[in-house]
Amino acid sequence: MTAAPAANAQTQTAPATASRGYWAGVGRRLVRNRLAMVCLAILVLIVLAAIFAPYIAPHDPYRGSMIRRLRPIGTDGYPLGTDELGRDMLTRLIYGGRLSLFIGIVPVLNAFVIGTALGVVAGFVGGKVNMAIMRTIDVFYAFPSVLLAIAISGALGAGIFNSIISLTVVFIPPIARVAESVTTQVRNLDFVDAARASGAGSFTIIRVHVLGNVMGPVFVYATSLVSVSMILAAGLSFLGLGVKPPEPEWGLMLNTLRTAIYSQPYVAALPGAMIFAVSICFNLFSDALRSAMDVKV
Amino acid sequence: MTEALVSVRDLRVLFRTGERTVHAVNGVDLSLAQGEVLGLLGESGSGKSVTLRALLRLLPPKRTTISGTISVAGNDVVAMDEAAARDYRGGVVSMIFQEPMLAFDPVFTIGEQIAEAVVRHENVDRAAGRARALEMLDRVRIPSPKRRLDAYPHEMSGGMRQRAMIALALACKPKLLLADEPTTALDATVQIQILLLLRELQREMGMGVIFVTHDMGVAVEVSDRIAVMYAGRIVESGAVRDVIRNPSHPYTRGLLSSTVHGSMRGKRLEAIPGAPPNLATAPTDCAFAPRCKWVADACRAGVPDLAPVAPGHVAACVRLGAAARA
Chain L
13 MTAAPAANAQ
23 TQTAPATASR
33 GYWAGVGRRL
43 VRNRLAMVCL
53 AILVLIVLAA
63 IFAPYIAPHD
73 PYRGSMIRRL
83 RPIGTDGYPL
93 GTDELGRDML
103 TRLIYGGRLS
113 LFIGIVPVLN
123 AFVIGTALGV
133 VAGFVGGKVN
143 MAIMRTIDVF
153 YAFPSVLLAI
163 AISGALGAGI
173 FNSIISLTVV
183 FIPPIARVAE
193 SVTTQVRNLD
203 FVDAARASGA
213 GSFTIIRVHV
223 LGNVMGPVFV
233 YATSLVSVSM
243 ILAAGLSFLG
253 LGVKPPEPEW
263 GLMLNTLRTA
273 IYSQPYVAAL
283 PGAMIFAVSI
293 CFNLFSDALR
303 SAMDVKV
Chain C
26 MTEALVSVRD
36 LRVLFRTGER
46 TVHAVNGVDL
56 SLAQGEVLGL
66 LGESGSGKSV
76 TLRALLRLLP
86 PKRTTISGTI
96 SVAGNDVVAM
106 DEAAARDYRG
116 GVVSMIFQEP
126 MLAFDPVFTI
136 GEQIAEAVVR
146 HENVDRAAGR
156 ARALEMLDRV
166 RIPSPKRRLD
176 AYPHEMSGGM
186 RQRAMIALAL
196 ACKPKLLLAD
206 EPTTALDATV
216 QIQILLLLRE
226 LQREMGMGVI
236 FVTHDMGVAV
246 EVSDRIAVMY
256 AGRIVESGAV
266 RDVIRNPSHP
276 YTRGLLSSTV
286 HGSMRGKRLE
296 AIPGAPPNLA
306 TAPTDCAFAP
316 RCKWVADACR
326 AGVPDLAPVA
336 PGHVAACVRL
346 GAAARA
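Line by line, the protein sequences are chains L and C. Each residue of the first sequence is one higher than the one before, counting from 13 in the working numbering. Each residue of the second sequence is one higher than the one before, counting from 26 in the working numbering.
So that you can see chain L by itself, here it is in the shape it has in the complex (with noise of 0.2 Å):
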């Protein structure tokens, strides 16, 4: 609870200060953090590293040779080894953040639009129309979100872009639901009363009252989300439903380098310590946040 009596202090120095914003403070809250800080500086490190992949790699992420299959980690020109078909893995793990952050961030971002949007009309509405649109998320939330996953790669066929498709429908439920709640409780606040006791119409209440609300808390939530996505899709990767070889990509390196598990165990680890690292840094940054903007989902 460290809101609280920040929020005190302010109150207090109010009128010798200039009221600081919302954000200034959640931003001050959360660089006092060391831990998301550390966490922030890697993933910024990753995906910088992925944007600049080609002035930084130093090899070409898809020519191999026959010669230089499986070296170890600290090979002389190949710092992190190479992989089954002889080519670097440094070059190629640099590479495959390119796909594995995009597939990550990507699906979590349109379930983020679709699913505030329906957990906002299905909670300010309320009746039957929440009733329609809730229970249908409902019947997708059942499933455990990698088997729905699956299914619906499956159905869809491989490829990046059905890999998006599956993972946005597998993220709207969770999202929506939350997006739902927080409406519903917003919804029954004064304020949106006092706003419509001014004139405000339904749409305006939503637009301004009602997603000023609930964007915080969704966005959040949405945040420890792509650690999930990033894991799923590397999963998906790894059965070959989602990103196909050459290309490289941490899930599917994890699966075409797990033959060699035995002759070098800690070149095979490396995709998997990549995602690994990403994931636990969103969920620290989410965590952070969370409570850097004191709210709760």
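Since the hints were made in silico from the structure, they are not lab data. Here a beta-carbon is modelled for each residue, glycine too, at the ideal position from N, C-alpha and C. Just to be clear, a hint being listed does not mean it is correct.
Interface residues of chain L toward chain C, partial, derived using beta-carbon atoms under 7 Å [unchecked claim]: (1) L201; (2) D202; (3) F203; (4) A206; (5) A209; (6) S210; (7) G211; (8) G213; (9) H221; (10) G224; (11) N225; (12) D306.
Rough simulated footprint, nothing fancy, chain L against chain C, three-plus residues with beta-carbon under 8 Å [to be verified]: (13) 76-90; (14) 142-151; (15) 334-344.
Since chain L is already given, all that's left is putting chain C on it; use the hints.
Quick look at chain C alone, frame taken from chain L:
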């Protein structure tokens, strides 16, 4: 009396939720002149807040059935469509809420929220809206209003928030202000400041005010006239002085004798026995009869009409004389 600003005839409000029905308001007649302050008095569940919300058409349309006529400054409130209702709310009539903390959106500043209402009603740009917000904050005597414009609701004290709420309600210069127990959530010292401020602004702007409260003292402080509600009906109404000096309905007498005033030390407060009636069905007789000291057979015969006690002072009791004599 000049031409009425508000005229309510036989207002009935029925709530239906699942299997339960509640007859919240059962035939209220009300009129208010421009520049007049009416205190609507009653205990919890007497239908006073529902009447107020009906005047703004804020009740959830799906679960509510409203009958009767409500006319405010020439607007037929019951019949108007949603677009007209949006112009009406905030432009002609606005409302102050009980809990100033909950009545502001926590994610926007006070200034933004006032400006939003002004922009909506007066077709001006945000800068003009902001200027009006500043003017209003100054008018409700918020110290250093410029800084407060960018304050979030949680950064202000209760009294300050209620002042800001008043500023928001009056920003578009409404003809009628509805106040739903605006001082109940405040400290006693802040309460009186807010009441005085409201009274002053009301005189300055010449608007009509309907002030809902359960506090007799507050009602006397701000009102020109008082209407006492019980079980969804007005049981007595008249000028403040008449009602206080000569309470004619047994319920009003009960309310008055259950308030604290001087020279009462050591004595027990007189309370009205029993509880308000369950309004699952509309009352068919005097709803107060089960709790009334002076109850007689005539009370069960039907719903008593408002009968004149003195000029401009009416009460709905079949035994008008009996209570007074007792």
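Hints, verified against the model:
1. Proximity of L/L201 to chain C holds as hinted, the smallest CB-CB distance being about 6 Å (cut-off 7 Å).
2. With a cut of 7 Å, the hint placing L/D202 at the interface with chain C holds, because the nearest CB-to-CB distance is about 4 Å.
3. Among the interface hints, the one on L/F203 holds; its C-beta lies about 5 Å from the nearest C-beta in chain C, closer than the 7 Å criterion.
4. A distance limit of 7 Å between C-beta atoms decides the matter here; for L/A206 the minimum to chain C is near 4 Å, and the interface restraint holds.
5. With its C-beta approaching chain C no nearer than about 4 Å, L/A209 sits inside the 7 Å limit, and its interface hint holds.
6. The interface hint given for L/S210 holds, since its Cβ lies 4 Å from the closest Cβ of chain C, which is under the 7 Å cut-off.
7. The beta carbon of L/G211 is positioned within 7 Å of a beta carbon in chain C (closest approach about 3 Å), and the interface hint is therefore held.
8. About 5 Å separates the beta-carbon of L/G213 from the nearest beta-carbon of chain C, less than 7 Å, and the hint is met.
9. Annotation: L/H221 was flagged as interfacial toward chain C, and the flag holds, the nearest CB pair being 5 Å apart, inside 7 Å.
10. Interface restraint check: L/G224 against chain C, minimum CB-CB distance 4 Å, threshold 7 Å, status holds.
11. Here the hint on L/N225 is kept, as its CB sits about 6 Å from the closest CB of chain C, short of 7 Å.
12. Because the smallest distance between the Cβ of L/D306 and any Cβ of chain C comes to about 11 Å, over 7 Å, the interface hint for this residue is violated.
13. Coverage of a stretch by a chain is defined here by at least three residues with a beta carbon nearer than 8 Å to that chain's beta carbons; for the stretch 76-90 of chain C and chain L the count is 3, and the condition holds.
14. Proximity of the stretch 142-151 of chain C to chain L, defined as three or more residues with a beta carbon under 8 Å from a beta carbon of that chain, is established by the 3 residues found.
15. As drawn, the stretch 334-344 of chain C meets chain L at 0 residues by the rule of a beta-carbon pair under 8 Å; below three, the given contact is violated.
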